Amino acid sequence: MSSWLDYTINGLIVGNVYALVAVGLALIFGVSRLINFAQGSIYLVGAYIGWVAVVQLHTPLPVTIIVVAVASALVGLIIERFGLRPLQNSVRIAPLLATIGISFVLDQLVMLTVSPNPRALPSQLPDIRFQIGGGTIGPLDLLIAGVGLASALLLFVFLRYSKLGWAVRATAQDRDAAMQMGVDVNRVNQAVFGIAAALGGVSGLLVGMYYNQIDTAMSLQATLKGVVAEVVGGAGNVPGAVIGSLLLGLVESYGVAVFGTSYRNLFAFLLLVVVLVLRPNGLFASARQAPPEPLTGTFIAPSRPVRIPRWALLVAAGLFAVLPFFPVSFYVLQTLINAWLLGMLALSLTLVAGTIGQVSLGHAALLAIGAYTSALLSLTFSAPVGLAIIGGGLMSAALGTALISPSFRLRGHYVSIATLAIGEIVSLVILNWESVTRGPIGISGIPPLSLFGYELISPISIYWFSFIVMVVLALLQGRLLGSHLGRSFRAIRDDDVAARAYGLSLNRYKSLAFIFGGFAAGVSGGIAAHLYSYINHETFNTQQSILALTVVILGGLGNVVGAILGAVALVGLPEVFRIAAEYRILIYGIVLLLLVRFRPQGLLGTI
Amino acid sequence: MAEQHTTMLSLRGLTRRFGGLTAVDAIDLDLARGELISIIGPNGAGKTTLFNLVTGLDRPDAGIVRFEGQDITGFSPERLAAAGIARTFQLGRVFGNLSVMDNVLIGAHTRLRAVKPAVPLIGPLLELGLALLRPASVKAEEERLREEVKVILARFGERLLPRIDQPAYSLSYANRRRVEIARALALKPRLLLLDEPTAGMNPTETAEMQGLVAELKAEGLTILLIEHKLEMVMRLSDRVIVMDEGKKIAEGPGEAVRKDPKVIEAYLGHGLTKEQESAA
Amino acid sequence: MSNIDRRTLVKASLSAMMAGAAFSRAAFAQSSEPILLGVSGPLTGPNAQYGTQWKQGFDLALDEIQAAGGINGRKLAYQFEDSQSDPRQSVAIAQKFVSDPRIVMELGDFSSPASMAASPIYQRGGLVQFGFTNSHPDFTKGGDFMWSTSVSQADEQPLLAAYAVKRLGLKKLAVLHLNTDWGRTSRDHFVKAAKEYGAEVAVTEGYIAEERDFRSTLVRVRDASPDGLILISYYSDGALIARQARQVGLKQTICAASSVYSPKFLELGGEAVEDVHLGTRYFPEDPRPEVQKFIAGFKKKYNGQEPDAFNAYSYDAMNMAAAVVRIGGTDRRAIRDAFAKVKDVSSVIFGQATFDVESRRVKGAMNAELVVRKGQFALWDGKPT
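Chains as they are written, first to last, in this note's numbering: chain R, 1 to 607; chain Y, 1001 to 1280; chain B, 2001 to 2385.
Isolated chain R (complex conformation):
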């Protein structure tokens, strides 16, 4: 019995930590309807500024907090002014991508300045422990809880009773109306970003002290947990974010209690998916609200796609097909093989995210399903590799669609959050389902690619194989887009309300898009498995999903040729930037930001 008290207390303590990030996210979402993926990076920056203050300058705690808050707020203001404000009249997906780009840039800047080694960030509070149940809590626990609750309370008062707070709420409800009423929306955004960033920075500092450890990899985890907590509490709802965080902490803690430590995040993400499916507006939203106005043409950039003449495509395909006859190095071929594999994933994602508008952040899960299926089919059942890969594609299509189907009723950013969670769930199931997936040990000795008994071992034959598979998938997808299904998918993307009013079932067509797209992604994963000969749960990670999305945006949403072009560019560029070594991810982030700013419809335009 006492153990349950301990699990509860531990859950609340961790929830407390999550709340600090979640409140900042909720505030920003409340005003700009934006999930700020850079919040974790501000948290990282805050932690390191705090480290400089504490370890180098020996500031006392109150001064440290003020320094961190002010410096982080400045970072927030810079992000708002130069990263997001120029995108104000842009499509709604643009700021989301911009925050991802900003987080790359901030994380890399911190890493380059202070080196990626973890650092100790000693607590400046006396080390007194209070016995509660079987465990203890210290002054830092209380301080974190105090800061979390106080900031939520202050925000509540600020939003309710101050003039600027009133403006913030008005802007949150109806930006245009607020503008007409004379609200300076830019000032509101500045205020909100400043406050949220200050809060994010201070939370990084406190959490760093709490664990006596900060490192540059902490930003993504902070963002993930913060986003989960925020969405569970109801996006944009500040008190909801606090309660959502505590709930998340509790669910994780009880999950550990019942199933063990390695199931912890599984429960976090399951909670998110369940809440999104049952209460898409969060636990604390009123059940029935007016149906939201459509995002017609605002989530996806309207554009006239660049028309590439058929002969040019044929020439390009022909050139790539005969490339191995020229004296190119295997390194170039291998890089292009990677591009073709990423291209298949991008084809899949451009259909799902671009053509039917389900911006998925968990697409790597489809790769993983295809890879594991194909690897296991060939190893356990000695299936010929060619058939195993097709089996991987089919499994990805079926299982992927089934897993993602609960999110079919969601819209906009919620789809991205749900798919992100589903991606994490797939990876965690692979980690824990040891009897099938061999858990963390992974699957080794996967047979190499072969076709009709003829092993494809040389880079040239693998090059041709992957190129041909990708071209076939691209042609099929082109044919699909030219059919009534292409039309129907795009209609659902542009306005799902109007589409339903004309008899288009969202479930049916979203399923079909995921089935087709899942197959392409599964095939890509299957080929990768046989190419690498070894896979484990880390082979297909969140970074892959984000990379694929960047490819799709770069090429132009829904654009088949664009997806392939984007894949070649994003596999090729980092290789070209190899000379820049440590700086290349920084460059990548900046390129992404510039792209979102100056060509949000992608290189070849949305189709």
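Among the clues, some could well be false.
To be verified - Cut-off 20 angstroms, straight-line C-alpha distance, at most; resulting in silico cross-link-like pairs (SDA-like, lysine to any residue):
no., chain 1, residue 1, chain 2, residue 2
1, B, Lys-2301, R, Ser-115
2, B, Lys-2192, R, Glu-434
3, B, Lys-2251, R, Ile-128
4, B, Lys-2055, R, Val-114
If you are wondering where the hints come from, they were derived from the structure by calculation, not from laboratory data.
From a predicted model like this one, the values you see are computed outputs, not experimental measurements.
We have chain R; now place chains Y and B onto it with these hints.
Quick look at chains Y and B alone, frame taken from chain R:
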């Protein structure tokens, strides 16, 4: 029994609340086959919410919707579209990135047969297969519908036909409204709900639109119309229903309704806009 | 194009390339350019810290090698390619190294997915992949070009189990391990050995690398009422667990795997890691000259910084590479064969290192039983804590 045959749409006690606000308050309405009823009322009177309830985009808290004698309360919009109910939207919801042709073809979606075999369970997969393989029957159906679309677009003279391959986002506001109506017509509706079809149109365009609606009515189409331009309402409507704050405050032939003191009160009380004043 | 035609073409173009490569390699052997090793490892991304530590160890070893006259008069150098420990990038790097005639041997990658995805390319390309941190039991099964100085966990974990069970007298153990291929393999070997030595394993808990909060895990541990905690961790997560264990009032003996051996463990763990026991491959007071040379040289080169386990791995790996190249020259096959020939290479981790030709790993790691005393690593004096 006779009433059953002539009544196409009937609403009884239809109610929808948002928090403390009752947007649609116990509305009764009977629409006979071939009839055109206009719903007027100040902004926020609940007209569009009423449309949403009839077309399944929103569910009522109380009341019943009957279509051709069948209780369709709470049916999904997809199902209602298949039953022959088509609507346009107040804010002009065209599919921005789709061409004019594709927008109108979406209207014909419920009439696709060859490519959507009515096979249970694997129907969707067959649809995917047929879309990729495109046998002759599928091609023929698509061609036939494309021809039909051109005929529908020809109703708008030279407004849309020259722009048939342009994306809808590039069209003028008035042309987007026309595309919406063309899309609704492609469904071959039994009941057409028009939500302010002339909003934002100049007098010439309004006159054209009025002519078109009159034409549709003459062809026997049953129409429910939300409109602010009273002159048009008076010309076209068999009956007029006035809503205010969710309630039906008057119903009857246009002229009678117009003189109803409650109606005048509702309009004056909410402040008459210049446009409505001059139109009235 | 028929199948046969294409195959002929492939072969033709392949042999043309090989010929080109061979030609340039022959020309190269005469030059006084440095002998080049390829390194594939993380310099950015979540594992960037380890790549940075590798570099420190490599550079120190290279300084010493050049000072001693290089390899038969030629300098030894490395080309570090950032893979982010991502299999997609490590395979491209593998092709790059394989097709670059200047590269005589490859070192890395860091993680198993990245290393083992590249193995088929190195194997087919005939370039040694020297995975000096790859403990995955299947790594060297990738082919006869895969060699590793990563201590086999089958060797290491029984030593740790012996320390915990036989020497410290722990009878009921709770094992916390990183849920990676390394942590999982280690756990299995540890549990097997501990049971053989007569201890009971009450609970095992795997956690993911990003985990920071272990309070609830520690409640599970407490409920199993063990008399000792075993940490199969890296230094950062190991420090976190030790801190939180002490905070929630667990006072049991903690015994950790050698991978926590880092000054960072002391820095991050603070008072909580006092009295933590660990088995290591070397320790500062070790009188062996190679250890003293390494520690002194490292501190001198890096402003007094204490080296850690990853610095030592990479330092040893570079020295081993030098020893192999001394025997094998610059021919890739000869280098592979040289791995079987090198004998008793001085190393920090293994003492006198020799490869086991069967497993292609180095046999029998050195083992020192350390304990943290007054914030420093010290040889355990046999006194209970």
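Evaluated hints:
For the suggested pair Lys-2301 (chain B) and Ser-115 (chain R), the alpha carbons sit about 17 angstroms apart, so the restraint of at most 20 angstroms is met. This hinted pair checks out: Lys-2192 (chain B) and Glu-434 (chain R) have alpha carbons roughly 19 angstroms apart, not beyond 20 angstroms. At roughly 17 angstroms between alpha-carbon atoms, Lys-2251 (chain B) and Ile-128 (chain R) fall within 20 angstroms of each other, so this suggested pair holds. A threshold of 20 angstroms between alpha carbons decides the hint, and for Lys-2055 (chain B) with Val-114 (chain R) the separation of about 16 angstroms falls inside it, so the pair holds.
The earlier numbered hints are all upheld by this structure, with none contradicted.
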